[in-house]
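Protein chains: 2
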Amino acid sequence: MTRQGIFDHIDQHLDSHICKIQELVRQPSVSLLTLGLRECAELVRQHLAEVGCQETALVDVGDAYPGVWGRLDSGAQKTILYYSHYDVRPVGHETWDWPPFGAELVEMAPYKRVILGRGARASKGPLQTWLNALQSIKAVEGRLPVNVLFLIEGAEILGSCNYLKLADVYKDRLKEAQALLSPGASQNAKGEVSVVLGFKGLIYLELEASGDAWGRGPIGGSVHSATNAIVDSPAWRLIHALATLTTPDGTRLVVPGLEHVFDERKTIGAAERALLQRLQERFGDSDPNTIIPGLSPSTPVKVFKGGLTGKRILEEYLYAPSINISGLRSGYTGPGSKSFLLPHSAVATLDLRMITDMDAQEILHKLRAHLDREGFKDIRIHVYGAYNWGQTDPHADVVQATLKTLEAYGYPAVIWPMVAFGGPWAHIPKALGIPALRNSALGYGDRAATSNEFYVVEGDGKVPGLAETERFCVDLLYNYAGI
Amino acid sequence: MTRQGIFDHIDQHLDSHICKIQELVRQPSVSLLTLGLRECAELVRQHLAEVGCQETALVDVGDAYPGVWGRLDSGAQKTILYYSHYDVRPVGHETWDWPPFGAELVEMAPYKRVILGRGARASKGPLQTWLNALQSIKAVEGRLPVNVLFLIEGAEILGSCNYLKLADVYKDRLKEAQALLSPGASQNAKGEVSVVLGFKGLIYLELEASGDAWGRGPIGGSVHSATNAIVDSPAWRLIHALATLTTPDGTRLVVPGLEHVFDERKTIGAAERALLQRLQERFGDSDPNTIIPGLSPSTPVKVFKGGLTGKRILEEYLYAPSINISGLRSGYTGPGSKSFLLPHSAVATLDLRMITDMDAQEILHKLRAHLDREGFKDIRIHVYGAYNWGQTDPHADVVQATLKTLEAYGYPAVIWPMVAFGGPWAHIPKALGIPALRNSALGYGDRAATSNEFYVVEGDGKVPGLAETERFCVDLLYNYAGI
Chain A
19 MTRQGIFDHI DQHLDSHICK IQELVRQPSV SLLTLGLREC AELVRQHLAE
69 VGCQETALVD VGDAYPGVWG RLDSGAQKTI LYYSHYDVRP VGHETWDWPP
119 FGAELVEMAP YKRVILGRGA RASKGPLQTW LNALQSIKAV EGRLPVNVLF
169 LIEGAEILGS CNYLKLADVY KDRLKEAQAL LSPGASQNAK GEVSVVLGFK
219 GLIYLELEAS GDAWGRGPIG GSVHSATNAI VDSPAWRLIH ALATLTTPDG
269 TRLVVPGLEH VFDERKTIGA AERALLQRLQ ERFGDSDPNT IIPGLSPSTP
319 VKVFKGGLTG KRILEEYLYA PSINISGLRS GYTGPGSKSF LLPHSAVATL
369 DLRMITDMDA QEILHKLRAH LDREGFKDIR IHVYGAYNWG QTDPHADVVQ
419 ATLKTLEAYG YPAVIWPMVA FGGPWAHIPK ALGIPALRNS ALGYGDRAAT
469 SNEFYVVEGD GKVPGLAETE RFCVDLLYNY AGI
Chain B
19 MTRQGIFDHI DQHLDSHICK IQELVRQPSV SLLTLGLREC AELVRQHLAE
69 VGCQETALVD VGDAYPGVWG RLDSGAQKTI LYYSHYDVRP VGHETWDWPP
119 FGAELVEMAP YKRVILGRGA RASKGPLQTW LNALQSIKAV EGRLPVNVLF
169 LIEGAEILGS CNYLKLADVY KDRLKEAQAL LSPGASQNAK GEVSVVLGFK
219 GLIYLELEAS GDAWGRGPIG GSVHSATNAI VDSPAWRLIH ALATLTTPDG
269 TRLVVPGLEH VFDERKTIGA AERALLQRLQ ERFGDSDPNT IIPGLSPSTP
319 VKVFKGGLTG KRILEEYLYA PSINISGLRS GYTGPGSKSF LLPHSAVATL
369 DLRMITDMDA QEILHKLRAH LDREGFKDIR IHVYGAYNWG QTDPHADVVQ
419 ATLKTLEAYG YPAVIWPMVA FGGPWAHIPK ALGIPALRNS ALGYGDRAAT
469 SNEFYVVEGD GKVPGLAETE RFCVDLLYNY AGI
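Protein sequence lines correspond, in order, to chains A and B.
To get this note's numbering, take the position in the first sequence, counting from 1, and add 18.
To get this note's numbering, take the position in the second sequence, counting from 1, and add 18.
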């Protein structure tokens, strides 16, 4: 059995594998600030070339967020599409105990060694872990058991605003893929691995009312609020436009042609129902603030929407639609009162999540038509991302290979038939008609949304270290290939 | 005629008068940041003691913005109340060519010498100019022709959030005042002096929806937006609460009991109509963006509210009510898309301006009752300021003394029967039943809302220098005293 040779190679080259992760983390790539993106994309492209991709390229679609393409043809029977992103969140205002782009190897109890830095956990560590595994297979075996297509984006943090364009450039190549498989870092601190079969659709957009577009109100900048007696207000315009979108409690979209999206619920078959029930039983009577991804006991929800209780909370979280206001901004947005402004623009950031067969573009058209009908033609809709929902059959080969490999490694799999998140990793495979499994694999890190983000290199017995995680990738690939 | 002696004293002591202004500007006092307020208040108190106030005190009303009280009893027949503020705007992000708290004496063409710094124009320069004038009178004459009460606030920039409390502490003393007179810096670069007879009422408040107050939605902090399927949104709650306040075009308050405030217009008598017409004629066909205080040609309004044109623009500006959204904030408020949040709170800052005999407190009660009735009991109203409108008869002694003095100095007076601004300087004299004239005097400076704020020390022939401005204060005081 030659896999031991690969595993030995991993052990012998672990230091250089760590260095490769550090190299990526040390290259800042903050999409929000368009900082270091091209440099980081080029670095990722080099890493793809190093593992043997015959084709590599930066993919420019006329914006500041180049994608990275790679194609590694091994002459194998199966071809997978690997998704990841190289952009990272901003560093933020929280205090870092190490340089955010230093990628230092430090001890962080209970872990003897972690790589510390922005992007270490999301997603440069897991991305390079995968490349390291491929590199060791290539070094020992000469070739991979599958062909791999890479299409890596640089704007995930912004809502994957250009992924459909990136995919369009390679649409003929993407047809080669039989599955989207991008294993990585989906364990919690107890070592449990989330295996996620489905994602809601996600539409992420900004609505802006402005004097510039409206032709009324101040143009190009704010004026003094005292002039409001004679000057129209884009901020009020945005408020009243938003108010036409939902029921007064803000829970249901009332846009004509879209109401049913907020009424309908996915028909859950027996197999999926069983998965749901297993999840519900697993969580039992736990406080939902401790188990629902996205909630936190430190900012608890005490009364849930519509008085939801018990098992219904998880079910609605997974299957109900939502239309959320993620941000509002107009005029002075700091704390306290500052200046008397009549702002020339007002912006709301919204995200809609739903499971519907209506295409995300169609939903956007209906939203636009509604605003036009209501007299708000001037309100600009800027779409950050519009992705359909998608779900993979648990019997699909990628899922079975993952579950089999997890079982061999002894880490418990927690299967989620659906989650409330969404993005290109669901939309693209659905459009291609192929199964998809993103993350749903070994690897642990944390603090990706705050300071001291880390990715574990040396585990604590509950979560694996880097070498074991890379071995897992190797086995998964062979299991998927059926070799 | 002894005034020449006083004028000579001003000329001989001009350097020390400049130093006194610099001393105030060099003490930062940013109310928004609660920076240096007590230190600056204490400095102002010392300056009041130096000009001979028998009583001086910091006035503490349980917040971070101490007032400064002073009483200078000259045994005179008349007593005036002098209003000013010692707090300044934040320095802002614009580039300063000199240190913002350096108070340097620099040349700024066409002015040979200006004092440069935050607060130099608004309002430390004009405040100290007045004190300098008093000091020279005292030095030469031994006593002032009037008694002066000082009640100076440290939160004007925040909407004068504690002035009614400050006034309440000295309510018996304030009854001694026969007029509010606080001359200062109301010239434009051409030397024209705005003399303002009336101010709209001003209610400045914040509406906040929050999970903490509501008991629904996240409490104490935001959660991930994906949880919106099961978690209520304070941001939507704020939107729908705001939408109940006004007509869909955002121009009229539709709160029961307050509609008439937005329908009624002040009955303008013949004398006031004549003043209005003089203003309208003065401005002629000029672009309103160049003449309406608060508008700017750099951020122009091209279509005015309801299609207003011509002379009606100025009239509505002066007499129509308004309800303005000065700021909206919820979640991430920077540019672009950042993180998927379900914010735990959302805030709108509003300012209402109107001419109505309904008391500002009564308007607030009706607003509160409306929100309660509509089911928004949890939405917090934080009042930054609530001030009634007020207007002074042009025949009042303070106005006549000012116009007479201006005439003597040869600067043209532009009389505004009303302006759209408001605050304690209108509310307090109205409550006391005394006439009021704030600013409406010599003095020139600019850039109070941006970088390189300045106050002119040496004029250009069109606007006076500091010595002439101080002389004006002296003459005004004697003219008012009728001596």
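Quick caveat, the hints were computed from the structure, so don't treat them as lab data.
It cannot be assumed that every hint is accurate.
Copies of the same chain look alike in the list, so a pair counts if it fits in one copy or across any two.
[Stated by the list, open to error] In silico EDC-like links for lysine to aspartate or glutamate, alpha-carbon gap of 20 Å or less:
hint, residue 1, residue 2
1, K320, D230
2, K320, D396
3, K320, D303
4, K422, D478
* To do: Using 20 Å as the alpha carbon limit, work out where K320 and D230 are close: within a copy, between copies, both or neither.
  => Between copies only: 10 Å across chains, 42 Å inside a chain, cut-off 20 Å.
* Within, between, both or neither, where K320 and D396 count as close if Cα-Cα is 20 Å or less -> between (39 Å within a copy, 16 Å between copies)
* For K422 vs D478, is the C-alpha pair at or below 20 Å within one copy, between two copies, both, or neither? -> neither (23 Å within a copy, 87 Å between copies)
* **Up to 20 Å CA-CA - D303 versus K320, copy category** => The answer is within: 14 Å in one copy meets 20 Å, while 61 Å across copies does not.
Comparing the model with each numbered hint stated earlier shows that hint 4 is the single one that does not hold.
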